[in-house]
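Q: Here is what each chain is made of, one letter per residue.
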Amino acid sequence: MPARYPFTLRAHARRLGRPASLLAIATLAAGTLAACGGVSNGGGSSTGTASATAAASAAPTGITGDTLTLQFNEPVSTNPALEGTSESDVVFGAIDYDSLIYQLGNGQYVPDLATSWSYAPGSKNEVFNLTLRQNVHFSDGSLLTASSVVNSLEYFAKADGPQAGYLATLASAKATGTYTVQLTFSAPEPDLPFLLSQYQDIGQIIGPTGLANPKTLTTTSDGTGPYVLSAAQSVANSQYVFTLNSHYWNPAAVHYKQVVVKVITDATTALSAAESGQVDALLSLPSSAQQSAKSGNLTTFAQPFSIASLILMGRSDPKSPLSNLKVREAINDAVDRSALAQGLGGGNSVPTDEFAIPGTTGYDPAAASTYSYNVATAKSLLAQAGYAGGFKLAVLDTLALDANGDIGAALKTELAAVGIDVTITETPSPAQFIPAALSKQYDAVIWPLSQNGAGFPYAIQFAMAPFTNAFGTTSTELNSLMATAGALSGSAASAAYEKVDDYLTDNAWFVPLFSLGATLAVAPGVANVQAPSVDNTTIDPVAPIASLSWYPSSS
Amino acid sequence: MLRYLLRRLLLSIPLLFVVSILTFIMVAIVPGDPAVRILGAGHTAAQYQALDQKLGLTAPIGVQYWHWVDGVLHGTLGTSLFTNQTVTSELAQRLPTTIWLVIGATLVTVVAGVALGLASAVWRGPLGRVVDAASWITFAVPNFWLGLILVEFIAVKARLLPSIGYVPLGQDPGGWLRSLILPVVTLSAVGVTGIAKQTRDAMAEVLSREFIAALRMAGLSRRSLLLRHALRNAAIPIVTAAGLFSIAMLGGTILVEQVFVLPGMGSLVVQAASDHDLPVIEGAVLYFTLIVIALNLLIDLSYAWLNPRVRVTA
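The listed protein sequences correspond, in order, to chains A and B. For the first sequence, the working numbering begins at 22 and goes up steadily by one. For the second sequence, the working numbering begins at 4 and goes up steadily by one.
Treat each hint with caution, since some may be false.
Stated by the list, open to error - If the Cβ cut is set under 10 Å, some of the chain B residues that face chain A in the computed set are: (1) ALA48; (2) THR86; (3) THR100; (4) VAL154; (5) ILE167; (6) PHE263; (7) SER270; (8) SER277.
Unchecked claim - Simulated restraints, written as ranges between beta carbons of each label pair: (9) A/SER575 <-> B/THR47: 45 to 55 Å; (10) B/LEU14 <-> A/GLY493: 31 to 41 Å; (11) A/ALA253 <-> B/LEU163: 24 to 34 Å; (12) B/PRO171 <-> A/SER359: 47 to 57 Å; (13) B/LEU25 <-> A/PRO449: 49 to 59 Å; (14) A/SER390 <-> B/LEU163: 35 to 45 Å.
Hints are computed from structural coordinates only; laboratory data are not their basis. The beta carbon of each residue, even a glycine, is placed where N, CA and C say it ideally should be.
Kindly produce the complete structure, drawing on both the sequences and the hints.
A: Here it is, written out as structure tokens:
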């Protein structure tokens, strides 16, 4: 059975190493405000209603444009059950598959295929009930019912795709009525609204024709979304053309006749395509191209995303100096996060020594200064641990995430100042990095933390994946703290996750360095693009609500 | 002649085997695991290995190769590890773009190159020096860089032609032509000046022969002398060079298709190689090899057409 909470390598590889723009600071602040205002982004939301509010009132209803052309990297698959996670789902999944729940850019959840949802009272987040929208049809013409949802979820569980792990604890999926579904899990699943949103795949419901012959889902689609993947006009890994779904339940929310996704991996080529009017939005833009995008009359957007970090895997290896807490604390004190953020984050990143990104569930402002840059303190801690003369530290890095090995080189210099002799092994991509990390030959790896806008359990799983926890660290206390938090909701859950954040910070399993943002650029012809204020969400060109979908600025 | 062709075709079979074996070995020794890309990062080594096993990637390389050969002999090239589409259908989607690109670039290379070379041979002087200089420059300039320059000035600044994408001929002939102009110019730049220089040199050599002087004294028109007699005699080295440039252009499509985001074989190979998608790599290499073999045969046939003595000896 696959592990839970996998993520898309390409998406992440693209995003890390990309400093946030000034807009990221603004959106970061907005995210903080949203969190303070009680908006849940996965950690504690437990119920939803049909009271979605329009974000923009001037949006047109119905089609006003011909083609919306987007740039992105190639998908893992166009079959939602074999697709990755995060933005790749939005670009290649949400265009043709409606999800059960829709997450707004501020983290709130609003109805999509499900009009309401809630955890069963007293179920400790283990039983989840959904009521479905009526009179919704798949692109094959068949009616969406509770059985469709059950069949789709069961297919996801057995398809063995990257997201099958999300359903590892699903004990049963039952149609309790024609339009009501009950999901029962064997353990608390506090993040179901997020997992069933457009940012993951399992909530994207596949129709009966697609389920009967899943191979067809790699060339066409069978969802309830506004568009259908056109097999005739698409070329795998080059261009994906989505044409109108004549059965779509809310035509008012559809503003373009078709959506085209062009696979362009080179930033210069992508910028030229946008500047020459052939692409309307670049959904993957490296930081180095931001200035070019702005001078090319494109508007850039940014949002918080992840934390550049050194993960101390040797904490559970008795032979490693990292098994000593004082050594791990010393390393945390030996790095100048502000300088790193300014130098490597492009000056727009925020230095942090915590597991959670500021503004997200679990972030504890009180723990923000647990570690401060102090070489003398670091040396003293190393001496107390019996390493006054320093030691050798083998670190694994990947150039796909650490452009030019800059983070690795900076850490090597900073740790040398306290006597730690770092040897960096660079791998070109995660495909080489992961097997090497699993080999247990490295005490530490340079790899990002977080994505905890998706929920704290997601972030924990992200940080404790087998290849970032090669020596198999386990903690009864951590498990207990997580179990307690997982069974709570709202502010009680947030407070409980802060304790988890404190535990991880105090035990120094990681060396968080600075936050990073993700960006995109949009041509002047597109209106209604709204930057998300929480991490792990992607700017979404289509939506089940007319006021949220992009539309031509001339309309 | 037919026997000659059959012999050439039979000789190409071992060549195909050698190329496919070398490709298999090269892909095997390059680090990378398709399972990591398919499953994502949050899995154990055992889970990656299980998927590798399911995909047949844990078998000895000889066994994997035999499975592939068995598939080829049964008319299938396997299935892509990532798109789950058959390799033949993926290649069928990509082949027309590359074929049109290479045909277009070859036509431009031959027509423009021969015209420039002829003019240079006839008028000599400054034009000859210009051809020389241009050929050195185009040999030195990487075609992807030239492509980027063309995109910046022709597509982005002037907005005269599209910077990316391919329009199928059947969908919109005008759009098809527009989508191919910049890639064809980029791909053919080296060939045009190369053929021009080759034509100029070959023509100069032929024009200095005695039979040309005799024909000139017999009162043949300048046009007839140049095109019917001199050019035909100078054609074999020109055709050889054009054939070699066409084969080189096939390799050039890999970069040009990346620059102009064309859904062709070149971009497919790049993607498949980075993904370790062995069935697609093998299929694409097989197609490329077949195209090269076909081009070589065409060159040989053109020799026979241009020089009757070749027909006799063949």
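Q: Are the hints correct? Go through all of them and say.
A: Going down the list of hints, with the structure as the test:
The restraint placing B/ALA48 at the interface with chain A holds, with a minimum CB-CB distance near 5 Å, inside the 10 Å limit. Hint on B/THR86 holds. Least Cβ distance to chain A is approximately 5 Å, under the 10 Å limit. A distance limit of 10 Å between C-beta atoms decides the matter here; for B/THR100 the minimum to chain A is near 9 Å, and the interface restraint holds. Hint on B/VAL154 holds. Least Cβ distance to chain A is approximately 5 Å, under the 10 Å limit.
Taking 10 Å as the C-beta contact cut-off toward chain A, the hint placing B/ILE167 at the interface holds, the least distance being around 5 Å. With 10 Å as the threshold, the beta carbon of B/PHE263 comes within range of chain A, its nearest partner Cβ sitting at about 8 Å, so the hint holds. Annotation: interface hint on B/SER270 holds; nearest CB of chain A at approximately 7 Å, less than 10 Å. Interface hint status for B/SER277: upheld, as the beta-carbon distance to the closest one in chain A is roughly 8 Å, under 10 Å.
Checked against the hint of 45 to 55 Å, the C-beta distance between A/SER575 and B/THR47 comes to roughly 52 Å, which is consistent with it. The supplied range of 31 to 41 Å is broken by B/LEU14 and A/GLY493, whose beta-carbon atoms lie about 58 Å from each other. Against the hinted window of 24 to 34 Å, the Cβ-Cβ separation of A/ALA253 and B/LEU163 comes to about 29 Å, which satisfies the hint. A hinted range of 47 to 57 Å for the beta carbons of B/PRO171 and A/SER359 is consistent with their spacing of about 54 Å.
In this structure the hint that B/LEU25 and A/PRO449 lie 49 to 59 Å apart at CB is violated, the actual value being about 22 Å. A/SER390 and B/LEU163 have their C-beta atoms about 58 Å apart, which leaves the hinted 35 to 45 Å range violated.
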